[in-house]
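Chains V and E, in that order, are what the protein sequence lines are.
Counted from 1, the first sequence has number 62 at position 62 by our numbering; the numbering is strictly sequential.
Counted from 1, the second sequence has number 79 at position 79 by our numbering; the numbering is strictly sequential.
Treat the hints loosely; a few may be bogus.
[Claimed, not checked] List time: in silico SDA-like cross-link candidates among lysine to any residue, alpha-carbon distance up to 20 Å:
1. K52(E) - R99(V)
2. K109(E) - E30(V)
3. K57(V) - Q101(E)
4. K106(E) - D38(V)
5. K57(V) - T103(E)
6. K109(E) - K65(V)
7. K65(V) - T22(V)
8. K106(E) - E30(V)
9. K57(V) - E30(V)
10. K52(E) - E100(V)
11. K109(E) - R99(V)
[To be verified] Under 10 Å between C-beta atoms, here's a sample of chain E residues computed to sit facing chain V:
12. Y34
13. Q42
14. N53
Treat the hints as calculated values from the structure; they're not laboratory data.
C-beta: ideal position from N, C-alpha, C; glycine also.
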Amino acid sequence: EAQVTQNPRYLITVTGKKLTVTCSQNMNHEYMSWYRQDPGLGLRQIYYSMNVEVTDKGDVPEGYKVSRKEKRNFPLILESPSPNQTSLYFCASSLSRGREQYFGPGTRLTVT
Amino acid sequence: DAKTTQPTSMDCAEGRAANLPCNHSTISGNEYVYWYRQIHSQGPQYIIHGLKNNETNEMASLIITEDRKSSTLILPHATLRDTAVYYCIVRVTYSGAGSYQLTFGKGTKLSVIP
Numbered sequence: 001e002a003q004v005t006q007n008p009r010y011l012i013t014v015t016g017k018k019l020t021v022t023c024s025q026n027m028n029h030e031y032m033s034w035y036r037q038d039p040g041l042g043l044r045q046i047y048y049s050m051n052v053e054v055t056d057k058g059d060v061p062e063g064y065k066v067s068r069k070e071k072r073n074f075p076l077i078l079e080s081p082s083p084n085q086t087s088l089y090f091c092a093s094s095l096s097r098g099r100e101q102y103f104g105p106g107t108r109l110t111v112t
Numbered sequence: 001d002a003k004t005t006q007p008t009s010m011d012c013a014e015g016r017a018a019n020l021p022c023n024h025s026t027i028s029g030n031e032y033v034y035w036y037r038q039i040h041s042q043g044p045q046y047i048i049h050g051l052k053n054n055e056t057n058e059m060a061s062l063i064i065t066e067d068r069k070s071s072t073l074i075l076p077h078a079t080l081r082d083t084a085v086y087y088c089i090v091r092v093t094y095s096g097a098g099s100y101q102l103t104f105g106k107g108t109k110l111s112v113i114p
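The following block holds chain E by itself, in its conformation from the complex:
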């Protein structure tokens, strides 16, 4: 199983870029890197995912190192509403006839400071 390591918590000043790192040194070649966030007991929210190329969407950018052993989620201009727990997931479990389960670790609690 590919496991992820994320800092427990981070602070970021409002308006600045938030860079959230994730280590996944045991990732296999066909495993994607997904990022989700959860704002205070709300439903987890999908942010972005990638395989080996950098990706960008309206919410964030995902930078994956060439060896795929780590990645960084970038929120370009953090706002107070971005305060949340951010989960980096590289383990997508397929079991049984069709189970598809996201295995959430402990994530990084990002606090955006005014």
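Chain V with its partners taken away, still in its complex shape:
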């Protein structure tokens, strides 16, 4: 089944404790991106990747890192999480830039 998977789905952590949210797609998509969704603010792009080893910042990259060592994986790294990073996170992929995006199920992160 073609899909985008994220892990973990739920995470509660404390300020400053490094964490990684994994994202994987099995559709051989070139383009992947991370969004966060907050009430009243909608979906905002954090980082995106055009292909392996090609990543760039979206609208709200502060406090996040990403890597794209393999085509299928695009992990989101929070080196020192803070409470303002409490949010619902979505990974998405598309065949190429400009094509329809397919979203993962989301990761609900709470930072205390």
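Position chain E against the provided structure of chain V, taking the given hints into account.
Frame of chain V; chain E shown alone:
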């Protein structure tokens, strides 16, 4: 930027067609109309997109007016599982070297009633 206007909410009886309108009067000639939906905090789901011709797939039909200033998403036989927020998007942002961002508005909350 092309902006969209959608009703805040709509109800539809189960088994009936759900017609969700979207106004996008400032759409430019090369901008597509995309529809996504989000079921209660799940990941947004792509439904359909079109440029100027009507489109149909296994999920829905998209009717775009000739002047492209509005469109309607049609779910032919709504079920309870179609209860979701439906987003009409005509603004696809290209910025920087390759950013491709979907700008989601507030959407229409569709409630399918038994």
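Consistency of the hints with the structure:
no. : hint             : in the structure
1   : K52(E) - R99(V)  : holds (17 Å)
2   : K109(E) - E30(V) : violated (32 Å)
3   : K57(V) - Q101(E) : holds (11 Å)
4   : K106(E) - D38(V) : holds (12 Å)
5   : K57(V) - T103(E) : holds (16 Å)
6   : K109(E) - K65(V) : violated (34 Å)
7   : K65(V) - T22(V)  : holds (12 Å)
8   : K106(E) - E30(V) : violated (29 Å)
9   : K57(V) - E30(V)  : holds (16 Å)
10  : K52(E) - E100(V) : holds (17 Å)
11  : K109(E) - R99(V) : violated (25 Å)
12  : Y34              : holds (7 Å)
13  : Q42              : holds (6 Å)
14  : N53              : violated (17 Å)
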